[in-house]
Amino acid sequence: DVKVTQSSRYLVKRTGEKVFLECVQDMDHENMFWYRQDPGLGLRLIYFSYDVKMKEKGDIPEGYSVSREKKERFSLILESASTNQTSMYLCASIGSGTGRNYGYTFGSGTRLTVV
Amino acid sequence: GESVGLHLPTLSVQEGDNSIINCAYSNSASDYFIWYKQESGKGPQFIIDIRSNMDKRQGQRVTVLLNKTVKHLSLQIAATQPGDSAVYFCAENRIYNQGGKLIFGQGTELSVKP
Numbered sequence: 001d002v003k004v005t006q007s008s009r010y011l012v013k014r015t016g017e018k019v020f021l022e023c024v025q026d027m028d029h030e031n032m033f034w035y036r037q038d039p040g041l042g043l044r045l046i047y048f049s050y051d052v053k054m055k056e057k058g059d060i061p062e063g064y065s066v067s068r069e070k071k072e073r074f075s076l077i078l079e080s081a082s083t084n085q086t087s088m089y090l091c092a093s094i095g096s097g098t099g100r101n102y103g104y105t106f107g108s109g110t111r112l113t114v115v
Numbered sequence: 001g002e003s004v005g006l007h008l009p010t011l012s013v014q015e016g017d018n019s020i021i022n023c024a025y026s027n028s029a030s031d032y033f034i035w036y037k038q039e040s041g042k043g044p045q046f047i048i049d050i051r052s053n054m055d056k057r058q059g060q061r062v063t064v065l066l067n068k069t070v071k072h073l074s075l076q077i078a079a080t081q082p083g084d085s086a087v088y089f090c091a092e093n094r095i096y097n098q099g100g101k102l103i104f105g106q107g108t109e110l111s112v113k114p
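Those protein sequence lines, which keep their order, are chains A and B. The numbering of the first sequence is my numbering, which starts it at 1 and goes up by one. The numbering of the second sequence is my numbering, which starts it at 1 and goes up by one.
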C-alpha cells in the first residue's frame, strides 16, 4: 500500500524554536506539498516541490522554508516558531505522469502546538 | 476567482439514511474531481474521483455526480453509518496540469446520529 509518512503526529514546541517537520513518500512521486489546516480556513498551501532541490512558494510561505534533498523526502522548517503557527500540518504527494489517479495521497498529519 | 466551494458547512443525518454533500466549482477548465474524507485528527483519505467526461461514478456505498452545465459536484453516501462521520472535501484538478496542484473546497462536516 502506498504511503506518505509524517514523522510526528503531535509536537509541542516553544516560541522561537526551529522546528523540522518531515515527510517521506514511497511512491516515487515527483511532486510534494505542505499544507496547513485551520478551522474555518480549510487547507492552505505553504510550499511545494516539483523535483529534487526544487521548491515553489505556495499561498502562505512566510515564516516557513522547505528542503528537498532526496526525491522521497520533503521537509518543512519553521525558522523561529510562533504561536500563530500552531496548526495541523499535512504533507501530500502526487505523480507527474499519466495514470488513473490525479489526486493527492496525504500523510496522517502533524498537530503542532507552539507555546 | 477560481474556487471550489461547498454549499453547507455541516450536515446531520440519521443512521441508515442517505447523505448528499454538495460542491460548486467555478472553472470549466477543470477536468478531474475528487472527494476526500477526513476523520478527526487524521489526514484526508481519497474516497472517489470522476473525470469530466463522466456524469456519474459509483463506488462502495458512494456515488459521485458531476453536472458540468451548472458546475456542480455531489457525493452521495448510501445507508450512512456512524463511521461515515467526518469532514468531506471536494477538490478539482486539471489532468495535464504539471504538478497537479489541487484546489480544495472548505469542507462539510457530516454528523451521523444513531
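Be careful, since some hints might not be right.
Rough simulated footprint, nothing fancy, chain B against chain A, three-plus residues with beta-carbon under 8 Å [unchecked claim]:
id: 1; segment: 20-27
id: 2; segment: 43-57
Mimicking EDC-like on lysine to aspartate or glutamate, the simulated pairs with C-alpha atoms at most 20 Å apart in a straight line are [stated by the list, open to error]:
id: 3; chain 1: B; residue 1: 101; chain 2: A; residue 2: 79
id: 4; chain 1: B; residue 1: 101; chain 2: A; residue 2: 72
id: 5; chain 1: B; residue 1: 101; chain 2: A; residue 2: 51
id: 6; chain 1: B; residue 1: 68; chain 2: B; residue 2: 84
id: 7; chain 1: B; residue 1: 113; chain 2: B; residue 2: 49
id: 8; chain 1: B; residue 1: 101; chain 2: A; residue 2: 56
id: 9; chain 1: B; residue 1: 42; chain 2: A; residue 2: 56
Just so you know, the hints here were simulated from the structure itself, not pulled from any lab data. Ideal Cβ positions, reconstructed from N, Cα and C, are used throughout, including at glycine.
Legend entry - Pair hint outcome, residue 42(B) versus residue 56(A) [Cα-Cα no greater than 20 Å]: violated (26 Å)
Legend entry - chain B covers the segment 20-27 of chain A, three or more CB atoms within 8 Å, holds or violated: violated (count 0)
Inset, instruction - Would you check the hint for residue 101(B) and residue 51(A), treating anything up to 20 Å between C-alpha atoms as holding? - result: holds (14 Å)
Inset, instruction - Measure nothing beyond the straight line between the CA atoms of residue 101(B) and residue 79(A); if it is 20 Å or shorter, mark the hint as holding. - result: Cα-Cα ~25 Å, so violated.
Inset, instruction - Would you check the hint for residue 101(B) and residue 72(A), treating anything up to 20 Å between C-alpha atoms as holding? - result: The given pair, whose Cα atoms are some 18 Å apart, holds under the 20 Å limit.
Legend entry - Hinted pair residue 101(B) and residue 56(A), Cα distance within 20 Å: holds (12 Å)
Legend entry - Restraint check for residue 113(B) with residue 49(B), where alpha carbons must lie at most 20 Å apart: violated (27 Å)
Inset, instruction - For the pair supplied as a hint, residue 68(B) and residue 84(B), confirm whether the alpha-carbon distance does not exceed 20 Å. - result: Violated - the C-alpha atoms of residue 84(B) and residue 68(B) are around 27 Å apart, more than 20 Å.
Inset, instruction - Confirm or reject the coverage of the segment 43-57 of chain A by chain B under the rule of 3 or more residues with a beta carbon closer than 8 Å to the chain's beta carbons. - result: holds (count 4)
Checked against the numbered hints given earlier, this structure breaks hints 1, 3, 6, 7 and 9; the rest are met.
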